[in-house]
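2 protein chains.
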Amino acid sequence: MVHINDHYLKLKAGYLFPEIARRVDAFAAAHPQADVIRLGIGDVVKGIPRPMVDAMKEAVEEMAHDDTLQGYPPDQGQDFLRAAIVEHDFDARGVQVHSDEIFVSDGSKCDSGAVQEIFADDCVVALTDPVYPVYCDSNVMAGRTGPADEHGSYAGLVYMPCTAANDFIPDLPAGHVDLIYLCSPNNPTGAVMTRDALARWIEYARREQAVILFDAAYESYITDPALPRSIYEVEGAREVAIEFRSFSKNAGFTGLRCGYIVVPKELKGRAASGEEVDLHRLWARRHSTKFNGVAYPVQRAAAAAYSPAGQQGIAERVAFYMENAAIMRQQLGAAGLTVYGGEHAPYLWVATPDGQDSWTYFDYLLDKAHIVGTPGAGFGAAGEGYLRLSAFNHRDRIEEAMERISQL
Amino acid sequence: MVHINDHYLKLKAGYLFPEIARRVDAFAAAHPQADVIRLGIGDVVKGIPRPMVDAMKEAVEEMAHDDTLQGYPPDQGQDFLRAAIVEHDFDARGVQVHSDEIFVSDGSKCDSGAVQEIFADDCVVALTDPVYPVYCDSNVMAGRTGPADEHGSYAGLVYMPCTAANDFIPDLPAGHVDLIYLCSPNNPTGAVMTRDALARWIEYARREQAVILFDAAYESYITDPALPRSIYEVEGAREVAIEFRSFSKNAGFTGLRCGYIVVPKELKGRAASGEEVDLHRLWARRHSTKFNGVAYPVQRAAAAAYSPAGQQGIAERVAFYMENAAIMRQQLGAAGLTVYGGEHAPYLWVATPDGQDSWTYFDYLLDKAHIVGTPGAGFGAAGEGYLRLSAFNHRDRIEEAMERISQL
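Those protein sequences? They're chains G and P, same order as listed.
Take 1 as the starting number for the first sequence in my numbering and just add one per residue.
Take 1 as the starting number for the second sequence in my numbering and just add one per residue.
Don't take every hint at face value.
[Claimed, not checked] In silico BS3-like cross-links for lysine-lysine, where the CA-CA straight-line distance does not exceed 25 Å:
(1) 268(G) with 12(P)
(2) 12(G) with 268(P)
(3) 265(G) with 12(P)
(4) 268(G) with 10(P)
(5) 10(G) with 268(P)
(6) 10(P) with 265(G)
(7) 10(G) with 265(P)
(8) 10(P) with 12(G)
Since the hints were made in silico from the structure, they are not lab data.
This is chain G alone, in the form it adopts within the complex (with noise of 0.2 Å):
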């Protein structure tokens, strides 16, 4: 019989929101009476601004017609978009990127799932803990960890714990390590990397001479703006960083599917023999042989998120996801909950009361007030006594919600 992949036993459980999905679910099935508010996973509730998809809806009417239908998308994006890109999120904030750095894709969560492909399997990698479960299990079902502990935490993977101690940032590992995952505004804790932070893990990360793979997916929710918003906003970040993009939290794509990755031509690794070779080429090979391009009518959408309508737009929206951030650290703290993250994040990170563990916090907050988390351990073994609460939702509900939990 054919053999499995074998690295794919290793994991832990299903997909975390698979697996709180399915909890939701049975909680529903039982009290089908109950008003659920659902505060697990981070996705969008706000209508996607009208210039986007004023944009897409034209574009999709030119796919109707011969002499403007399009085929195929290019390779890397169209080069109305990854202009479109350069211009607003790196030349208007004073960073080098280049149109052919920028490979257009289906989102960050492929993006970050895909990139471990082009590095040899021995690679020592390190991931915060807690973190973005996507990091972690694409590099278990690539064989470079061992099996996992009663923790969920993967021999073989170095963890960088991100406790409130060292106010959710992680601290330099104390030895050698490849390959580096880090996402600022954080997704989990909500905590944001300052430029100092950045700077030290790129001085590491040059004198190991590693890469660090930045999901900078939450960027647009960084309010204060002395906080770098790319990594390449820091001096020497284009020789060791890969940065992830995305439209899903800042235009609403969740649902439309778009982001981009940036590969510096500076960034090298080494082959077996010694050679040194470019990662942006090896990089474009996997592009260009596994994945086959973005709808043009998305794409269309997403260069209308630079137009001046479609930042008023993106504006309003993060305007809003962080008013109800605000209203929640303020209730929250008020209920007597210990709460960190929301200020440059759409991501709170409450501290379970009493000890409690994570998924026993879940099953409460689900039981008694009909409110949905995610529960801090499913991101990592330093994620227990911890839940993540979303702010993305409606006012009413965000509301609805804080009021259950101020009388619990």
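Knowing the structure of chain G, use the given hints to seat chain P on it.
Same frame as chain G, now just chain P:
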């Protein structure tokens, strides 16, 4: 310095189509007046039928409003789309496929590149020669091969030559293999597998406990109703076959990106421990961890492809491209060329005249007739001596191209 995935360095040149694009761009730059006719890449030219376009625009408008916004797509695809797939692609042909065995994706290229991830590194992979390069390259990248020889054949892969001598239908391997990629109607040869041919392969796979990876992306071009359109129309396939389907070539979605993969529940693999494992479970984990679904408006458009008006639009386009193919077969034959395919597939497989090698003939046609084909050698060693011509073009362009070839 970080170690790269050395297997990438085994890959021959670029992925085939970018390589062709580079040559055509160079020619066009040197001959700006030349009227180049592209019969290379198999990309549609007729606009997407109105029912799909209208459904998509309606769905895009829903995305603008809080109360109808669709966020993250459901893991395996929208229920309404999977129900339509089951009803029209399988139930209507008396085939048993369940909705939860269908995984909606962004296209067959992505699926056929990713499917190998759930299998062990030591699986023996069998490929037809010539072959769609993604099946091959994705296994090279994963390390299931040694280096390539001067013909581009990789050590460790089992090649099954498809030649005029066997009517381009692969013979069964002499020994054991674990994974078998089959594509029917075939890209690039245009050959189609009969029920008997598929039954032989299913029998082989059952005997050898192998898995067939069956690419049916071109099934709508089958003109003989007696020929199977799905491998599951042939008895015993559910225990041994995964099938890929696409909306690209029937509904014209090359620029929208939608397809699906069928993983029957009966399919098993074996873990190193000896345990039997459902391949469905493994693929579900891969799909939910490394992919994040297809845009809701694209899924609405795909569902509309199954409406009576959508089906009519598809039938008209398929008929149009197959009329092109018939014209090409007739004219190329009249010009003294030996031509295969083009009867149940939109591809013609043309023997190069006078024993020219296929890249030479490619350059010759580009230079003398300003026509772009695809060199057979790009699909494998047994493709040497052939050129693939695509019937995907406007009628006047097809006629002009045939006229130019006749005059050569």
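Exercise for review: Just pull the numbers of the violated hints for me, sorted ascending.
Suggested key: 8
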